[in-house]
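> These are the residues of each chain, in order.
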Amino acid sequence: MKSVTKQSKWTRQIKREGKYFIKNLDLTLLALPTIIIIFIFSYIPMYGLVLPFKDYKVGLGFWKSPWCGFKNFEYLFNGADVLRATRNTVLYNIAFIIIGTIASIAVALMLYNLGKKAVKIYQTILFVPYFVSWVIVSYVVLAMLDMNYGVFNEIIKVFGGEKIMWYNEPKYWPFIITFMNIWKFTGYNAVVYLAALMSIDTTLYEVADIEGATKWQKTRYISLAGIKSMIIMLTIMKVGQIFSGDFGLFYNVPINSSLLYPTTDILNTFTYRALMNMGDTGMSSAATLYQSLAGFILVMITNYITSKLDSESALF
Amino acid sequence: MNKSNLKMKSNDHHIVSHIILILACITIIYPFCVIIGASFQSPADLAEHGYRMIPKEFSLEAYKMIFQTSGQLLNSYKVTLIVTLLGTILATTLTTSYAYVISRPTYRYRKILSFYVFFTMLFNGGLVANYLWLSGTLNLKNTYAVLILPLCVSPWNIIMMKGFMMGLPSSLPEAAKVDGASELKIFTRIVLPCSLPGVATITLFYALGYWNDWYTGMIYIDGNDLVCLQLLLQRIIKDIDFLNSAEAMSTGMNTGKELPTVSARMAMCILAAGPMLLIFPFFQKYFRTGITIGSVKG
Chain A
147 MKSVTKQSKW TRQIKREGKY FIKNLDLTLL ALPTIIIIFI FSYIPMYGLV
197 LPFKDYKVGL GFWKSPWCGF KNFEYLFNGA DVLRATRNTV LYNIAFIIIG
247 TIASIAVALM LYNLGKKAVK IYQTILFVPY FVSWVIVSYV VLAMLDMNYG
297 VFNEIIKVFG GEKIMWYNEP KYWPFIITFM NIWKFTGYNA VVYLAALMSI
347 DTTLYEVADI EGATKWQKTR YISLAGIKSM IIMLTIMKVG QIFSGDFGLF
397 YNVPINSSLL YPTTDILNTF TYRALMNMGD TGMSSAATLY QSLAGFILVM
447 ITNYITSKLD SESALF
Chain B
1139 MNKSNLKMKS NDHHIVSHII LILACITIIY PFCVIIGASF QSPADLAEHG
1189 YRMIPKEFSL EAYKMIFQTS GQLLNSYKVT LIVTLLGTIL ATTLTTSYAY
1239 VISRPTYRYR KILSFYVFFT MLFNGGLVAN YLWLSGTLNL KNTYAVLILP
1289 LCVSPWNIIM MKGFMMGLPS SLPEAAKVDG ASELKIFTRI VLPCSLPGVA
1339 TITLFYALGY WNDWYTGMIY IDGNDLVCLQ LLLQRIIKDI DFLNSAEAMS
1389 TGMNTGKELP TVSARMAMCI LAAGPMLLIF PFFQKYFRTG ITIGSVKG
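The listed protein sequences derive, respectively, from chains A and B.
Using the numbering used here, the first residue of the first sequence is number 147, and each one after it goes up by one.
Using the numbering used here, the first residue of the second sequence is number 1139, and each one after it goes up by one.
Don't read these hints as lab results, they were simulated from the structure.
One or more of the hints may lead you astray.
To be verified - Below 30 Å or equal to it, Euclidean Cα-Cα: the simulated DSSO-like pairs (lysine-lysine) are:
id	chain 1	residue 1	chain 2	residue 2
1	A	Lys309	B	Lys1194
2	A	Lys303	B	Lys1376
3	A	Lys303	B	Lys1194
4	A	Lys263	B	Lys1323
5	B	Lys1423	A	Lys169
6	A	Lys266	B	Lys1423
7	B	Lys1376	A	Lys309
8	A	Lys169	B	Lys1279
9	A	Lys165	B	Lys1376
10	A	Lys203	B	Lys1323
11	B	Lys1423	A	Lys165
12	A	Lys165	B	Lys1249
13	A	Lys384	B	Lys1315
14	A	Lys155	B	Lys1249
15	B	Lys1376	A	Lys317
16	A	Lys169	B	Lys1194
17	A	Lys161	B	Lys1376
18	B	Lys1376	A	Lys210
19	B	Lys1315	A	Lys161
20	B	Lys1323	A	Lys161
21	A	Lys454	B	Lys1194
Unchecked claim - A short, non-exhaustive set of chain B residues, derived as facing chain A with CB atoms under 8 Å:
id	residue
22	Phe1196
23	Phe1205
24	Thr1207
25	Tyr1254
26	Phe1256
27	Leu1265
28	Tyr1269
29	Ser1273
30	Thr1326
31	Leu1330
We treat Cβ as the ideally placed atom computed from N, Cα and C, and that holds for glycine.
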């Protein structure tokens, strides 16, 4: 008796769900093309998360290739390259986060305090690097650093110095790479911060003026305080990405010069080379998984710390 | 006395700001001027003075050389234009329709489908799996499809568009629904026209993405037929002889003659990137709208 009512409850439930499904069918159909595209191009490739545990053979395909445990990871971490790439990725990202954030906020504050007319011109020019690809940026850098014709070497020549082989000497590249990253993104990020600054209630400044606050005090306690949660949020997001580098920057700007790998090789370029030049799917996919896991753990940790410090700014 | 003093101080601040910002602008504009200048330099001038903003010896040889053998450049323009146009139309259609569906508060699977998109921002299969899947199983290597499809749904743009559509007054679609309009009609006749600023923004984001994409081409395109502009530029900078050999092959010229290859490389950069660099800044307003929406919703 009891089971019968239970069963009818289930069938009623299914019937109701079916009714809902039909009622929502027109909207579902509208979303269907996008659902399929996302499934094909994002969900199916997720088998890559299991791939490093397989001894992948092209002839056998994914399903028939045998499992191999952690062999690919052993192989990966036995080489010195992956450690160097990890170090580079993390250190560059730390530099980008610290210098980039300070530069963007400084530019945003300057634009905010200046008149409207000047801001428009500056904004337009500072935004230009955002529109160009890293390939174009590599031409920009080449114009400056070309070893035979570059502007920098011409200047050195005029002052009677010895020309510098920029594309052969790794020691200069931490500065060049960091500078180009700031060069490309400061305008964009400044606009993000500027938008946040614009939403601050201007009466706060008026009150501060009446109270006789200095310019610095107003900046510190109104402007910066007003965009604090945004700064924290954007920084958390960037810290979460600390293990993933900008492939375009590190591949194009040094023109993939192998002499520069000691200071320009990051995990993303390493993964790319492992697959494309060596055809090593095992090591390449292992590096990818290692990279995403490290990143994921980092997001969790930073988010945990922020939620302890300031629960409102945490992401989740 | 005190007041004028204060004013002086704030002007000082402004002068410092202006100086810093002008310097920043120079570091952006100057290299582009050098690239333009270098494209007009004669080989002798280059050898003597290096790249210069203002050539000492003006020459059009580099451009002549490119236009004599313009096949590859024109072909690359064609590829880039086709990919950008088709890709942007497809991407905008897919993104807005999906965003509309998950922005409807009455839609039953709203939450599931939002998460379906959000999840792809957290995890991706990585280069190897994508490569094996697209080039091996789907056999998409060297097709227009591979240049268009993987980039046509961006989770960020969907979330941004959804935020924009949810900001619209919900009374309009509901009234239309009561009058018996179909969802497709509500979407195309009411919601889409009302979200034009948002649509313009994501259209530009997609157009810029397709125009600047060299990565997909680098991985999935061999040969010269489907080389887009960015990929062409990348190949030229990596291998300066790429231009030389193309020139020598097409004209049967003996390679002993001094070719303006170095200038031609810069001229190529101007011809390939110049037009877009001039056009895109005019659309800045829409990019800024996008950033503002994104930062409020994010």
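> A separate judgement is required for each hint: does it hold in the structure or not?
Results for each hint:
no., hint, verdict
1, Lys309/A to Lys1194/B, "22 Å, holds"
2, Lys303/A to Lys1376/B, "26 Å, holds"
3, Lys303/A to Lys1194/B, "17 Å, holds"
4, Lys263/A to Lys1323/B, "43 Å, violated"
5, Lys1423/B to Lys169/A, "40 Å, violated"
6, Lys266/A to Lys1423/B, "11 Å, holds"
7, Lys1376/B to Lys309/A, "22 Å, holds"
8, Lys169/A to Lys1279/B, "41 Å, violated"
9, Lys165/A to Lys1376/B, "60 Å, violated"
10, Lys203/A to Lys1323/B, "50 Å, violated"
11, Lys1423/B to Lys165/A, "45 Å, violated"
12, Lys165/A to Lys1249/B, "18 Å, holds"
13, Lys384/A to Lys1315/B, "43 Å, violated"
14, Lys155/A to Lys1249/B, "25 Å, holds"
15, Lys1376/B to Lys317/A, "21 Å, holds"
16, Lys169/A to Lys1194/B, "74 Å, violated"
17, Lys161/A to Lys1376/B, "63 Å, violated"
18, Lys1376/B to Lys210/A, "39 Å, violated"
19, Lys1315/B to Lys161/A, "25 Å, holds"
20, Lys1323/B to Lys161/A, "28 Å, holds"
21, Lys454/A to Lys1194/B, "63 Å, violated"
22, Phe1196, "17 Å, violated"
23, Phe1205, "20 Å, violated"
24, Thr1207, "20 Å, violated"
25, Tyr1254, "7 Å, holds"
26, Phe1256, "11 Å, violated"
27, Leu1265, "6 Å, holds"
28, Tyr1269, "7 Å, holds"
29, Ser1273, "11 Å, violated"
30, Thr1326, "10 Å, violated"
31, Leu1330, "12 Å, violated"
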